[in-house]
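Chains as they are written, first to last, in the working numbering: chain A, 14 to 127; chain B, 1102 to 1215.
Hints are computed from structural coordinates only; laboratory data are not their basis. Some hints here could point you the wrong way.
To be verified - FRET-style restraints, in silico, Cβ to Cβ: (1) A:79 with B:1166: 46 to 52 Å; (2) B:1185 with A:32: 27 to 33 Å; (3) B:1154 with A:93: 38 to 44 Å; (4) A:66 with B:1118: 50 to 56 Å; (5) B:1215 with A:82: 42 to 48 Å; (6) A:82 with B:1140: 40 to 46 Å; (7) B:1119 with A:72: 36 to 42 Å; (8) A:79 with B:1152: 37 to 43 Å.
Claimed, not checked - Using 27 Å as the maximum straight-line C-alpha spacing, the simulated DSS-like pairs for lysine-lysine come out as follows: (9) A:16 with B:1142; (10) A:119 with A:82; (11) A:16 with B:1141; (12) B:1120 with A:82; (13) B:1123 with A:114; (14) B:1142 with A:119; (15) A:119 with A:65; (16) B:1141 with A:119; (17) B:1123 with B:1141; (18) B:1123 with B:1142; (19) A:122 with A:16; (20) A:114 with A:82; (21) A:122 with B:1120; (22) A:114 with B:1142; (23) B:1141 with B:1120; (24) B:1120 with A:16; (25) A:122 with B:1142.
As the list claims (entries may be wrong) - Calculated from the model, a selection of chain A residues having no Cβ within reach of chain B, i.e. all distances over 12 Å: (26) 20; (27) 23; (28) 87; (29) 90; (30) 95.
Positions of the beta carbon are idealized from the N, C-alpha and C atoms, including for glycine.
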Amino acid sequence: DAKTTQPPSMDCAEGRAANLPCNHSTISGNEYVYWYRQIHSQGPQYIIHGLKNNETNEMASLIITEDRKSSTLILPHATLRDTAVYYCIVRVVLCQGGSEKLVFGKGMKLTVNP
Amino acid sequence: ETGVTQTPRHLVMGMTNKKSLKCEQHLGHNAMYWYKQSAKKPLELMFVYSLEERVENNSVPSRFSPECPNSSHLFLHLHTLQPEDSALYLCASSQDEGSSYEQYFGPGTRLTVT
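With the rest of the complex left out, here is chain A (with noise of 0.2 Å):
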């Protein structure tokens, strides 16, 4: 079962900053969060993890609340390329290593409009 809960869709313009929000009440002291996305008819695509510090790569932002109990996937610019279902999924990570499989919910669709 998913432990996440995004919302089912979200608009943004062209543009503008998309903030994705996702709670997870129940994440352990040792599960990463990871969001993912899926543009229509392609496979889904990594976009960035973290445990309890914000992260930032070339593609995103990552703001993890204090208490882990929610974090917001930050799009600073957000494209029509970015329209897409994204998957907020809370993961346990081992220290030697390990095949942890993703669990994904239905995600939440973002439209970017012009």
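Add chain B to chain A, keeping to what the hints say.
Showing chain B alone in chain A's frame:
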């Protein structure tokens, strides 16, 4: 391009046919996965291979038979499928060592069972 390729991209088969889906990863990863994505349902993990050994089988019917001959290739052999098996079948790979656990997905094979 994610470094994970899948062939064929589209497949139509009858219920009595035997076919195989192929996945190849060019990323030097040591784990590979099969997922199923049915219409309006979340992605479902089917099989996980780590170092060419099957480490997870998520109660998948025996009409789906995976094969991992080496760390770069993964097959899904199909026989006597049902119409409800029509779906997008996604392959993914990951490097389950160190700190990099993100999965890279292929474009998927769109399967239609008639």
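(request) Could you tell me which of the hints above the structure violates, numbers in ascending order? (result) 2, 6, 12, 21 and 24
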